[in-house]
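Visitor: Residue 129 in the working numbering sits at position 129 of the sequence shown; the count goes up by one each step and never skips.
Among these hints, one or two may not hold up.
With a straight-line cut-off of 27 Å between C-alpha atoms, the simulated BS3-like cross-links for lysine-lysine are [stated by the list, open to error]:
1. 192 / 119
2. 36 / 192
3. 119 / 36
These aren't lab readings, by the way, just hints derived from the structure by calculation.
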Amino acid sequence: MGFAMVVNTIPRTFTGDSAAVLRAIRTPDCNLAIWKRASPVGPDALHELDFEELRCTCSPRTLASEAARSLGRSEHDQPAWATPLIEDASDLAEYFSAITGCEEIQLRLAVVETDSCRKFHGDWVSTRLITTYSGPGTEWIDQPDAARYAHGDEPRAINRLETGDVGLFKGRLATDHPAIHRSPPIAGTGAKRLLLVLDPAGEAQ
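Construct the entire structure; sequences and hints are all you get.
Guide: Here it is, written out as C-alpha cells:
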C-alpha cells in the first residue's frame, strides 16, 4: 500500500521512543521500525480476558465499534481491561493507516499460548504492525543473520520486542529484504501473550 518495491537496498532497523519513528518504514533503508514504549494494558489483563481471538476488517474510525461488537458488547459497555486496549488499538490503526495509506485494516487480537509462528520468516504483506500488550514480544533478526538463516545457519543474535513495543514490519510485497521474525518460543512454559496484529485488508494470508 503505497510502497515501491525495493530490490538493491539492504534495509536496517530504526528505533525510537515516539510514534514518529514508525514513519521510517516508508524509506528504502528501513524494513523494521520499533516504537519503544510501555504497554497501555496492565499485566492482569490476561487473567480477565474472556476470549481467545478476535478478527475483524475495519477502518481506523470504526475499529472501536467493530472490536466491541466482536466482544459481544456495545462500544460503551466494556470490561475495565477493554477500554485502554481498544483505545490504543484505535490509535495504532490511525498511525498504520496514515503511514501505509490503507483505509481498511485487518485486525487480529489474540491470546497466544503456543509457538504460533515458530520459524523465522518474512510476511506476505506490504507492512504489518505487531504489538504484544502482555507477555513476551516478537523475536527478530537483523539482515546479516537473516542471510545466514536463509542458508541454513543459526542466527548469531536474536532480538526481541519488549512488552508494549510497537513493531512495524515491512513484508515481502514491499521489499526483497523483509523483516525476518518469529513468535517467541513459549509452548509448554505456561506463558501467555496478548497480541495485536494489523495488516492492510486484503493482503493478510
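Visitor: Among the hints numbered above, which are violated by the structure, and what are their numbers in rising order?
Guide: Failing hints: none at all.
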